[in-house]
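> Next come the chains, spelled out residue by residue.
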Amino acid sequence: MMKIPSLTRDHTCVRGMNWRCDIPPSAINSLLVALPNRGYLQHPSPDAIPTLRSPEGHHILFVRTTGRVQIRVNYTVPEPLRRFAAETIFTTLVRTLQQITT
Amino acid sequence: MDQINHLRSVLSGHDLTFLAEVPVVYHCHHYNLFHDQTIDDALGEEMSAQIRFRAARSSVGELLHKVGHALNLSTRTERADLCSALLPWMGHGRLLVQSTPQGGEATGTNLHYGFAWREKYGARIKRDFPADSFAAGFAAAACEYIEQLPPGSVEATEDRCLVLRDPDCHFQLKADSRSTPYSTIDRIAIERHVIPSFGGLEEARISAITEGLRNFVRGVAGDDRGVIAAFGVFVTMHLSNYYNGTIYEAIHHIEREQPALLPVAETLFREAGIQCVFNTFGNMLLSAEWEGLVGKPSGDPLEMLSSFCAIARGLGFGHWIVHEYDAGKRFVLRAPIDYEVPFYLEQYGKTDKPRCYVLQGAALAMTVLAHMVRWKDNPKLTPEFYLSLFRGKMPWTAEQTLCPTRGDTLCEVVVQTR
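For the record, the sequence lines run as chains X and R. Using my numbering, the first residue of the first sequence is number 1, and each one after it goes up by one. Using my numbering, the first residue of the second sequence is number 1, and each one after it goes up by one.
Since no wrong hints were added, every one of them can be taken at face value.
Examples of chain R residues toward chain X, derived with CB under 8 Å:
1) V227
2) G232
3) L286
4) E289
Under the rule of at most 30 Å between Cα atoms (straight-line distance), these lysine-lysine pairs were calculated in the DSSO-like manner:
5) R/K120 / R/K296
6) R/K296 / X/K3
7) R/K353 / R/K329
8) R/K329 / R/K296
9) R/K296 / R/K380
10) R/K380 / R/K393
11) R/K120 / R/K376
12) R/K376 / X/K3
13) X/K3 / R/K380
Calculated directly from the structure, the hints in this document are not laboratory data. We put the beta carbon where it would ideally sit given N, CA and C, even for glycine.
Can you build the whole structure from these sequences, using the hints too?
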């Protein structure tokens, strides 16, 4: 059973825009296959950092080498609501991850 | 937009970048806001806004003509379409220009300066004058270009602005009979000042990272709102003619009118370089993009200095090299030229002092960040952290010892311990 990752603020100087969790790098490819079924579409990016775009315009960046996952909330979301937007994506991510690994 | 993307080029060996032969660099919103604030502080808001507007109108006017020429645009509709597309593609937000031969109006949404100012300061600082002189210059130049009016003949006044808590930004455009030739430089002018390039320490690593960064940046463009959110900051492709035109006009005005204030002004312009390295370079190093493309920063000072040089090259600042490094004691940054030098020499000729203010500040900031930041601990690049590093008496001093603006063959900044 995979340990559930935790969501923390990620590095940015734009308040509440970036959030992160860390997953096993080996899970990234499976997520890239599974998440499009939940409406997340591939966004142009280098292969080293595959990126998906949510239906609401948020982005998820995966760092292949380290497993760092960055949830980048769309800047149009008012600051007080950015955490909620990130948590919503994070929940989807964790559920998908659990389905993949069970 | 693919057509515009194909107009990018690089001056080989010098890491200066161009769009349709017009010099461009990438800067983040922290630098852009600080740059404009510095001009405001040096000249006062009214004169600053005028200088920034004129520099923008001039640099954008040249860009529009060169891009339009390269794309073989001939009709009014084609010219108007270019004006609508170019600003958001560069990450400056959207601007709807409704022009006539007499002027017209323009309405902006998510314009970079106003939008970024509100994001950075909005809740804490009240501002009572508009922020978008660059967009005002763009609107005026667009009107001139679309209506085929003489260069410098359209004035723009921003009468609504996001930073004034208006819902959007709005500009009144008015054409008159005056005209001013665009005062900018292009690739041909820059090439008059290049010397054979050279390398330094860690050259192979720097070159490899630069190549990767440049490939990444090549794919970066504004989203459907004309905003580029990358590396944890808002990024713009910007015109180095704008930065140089505003800094040097401000400096020369102070030299003429208030020479006693010159040291303070020069310190501020150097601080713009410090801000750039702290915010743009620093955020890049801690970004997911950097971790994926290069790896996590180790914190080793020489590795950090070489990473900073690679970032500078990737963003189009010039061929920055680590010429000397004596661990913890001395760092010598060199470049054949940077993006400041050719502009100064073309516009003003030789002078009696070094004029690379961004390079001077950047070299100091690179040294401080390489030695005084624990990169492995994932530091937060907050304003408080900035002040703790750069306010008060620092353990390092920086001096530009070589500068082509005063006749030297290359740029050199020496940073050493006090």
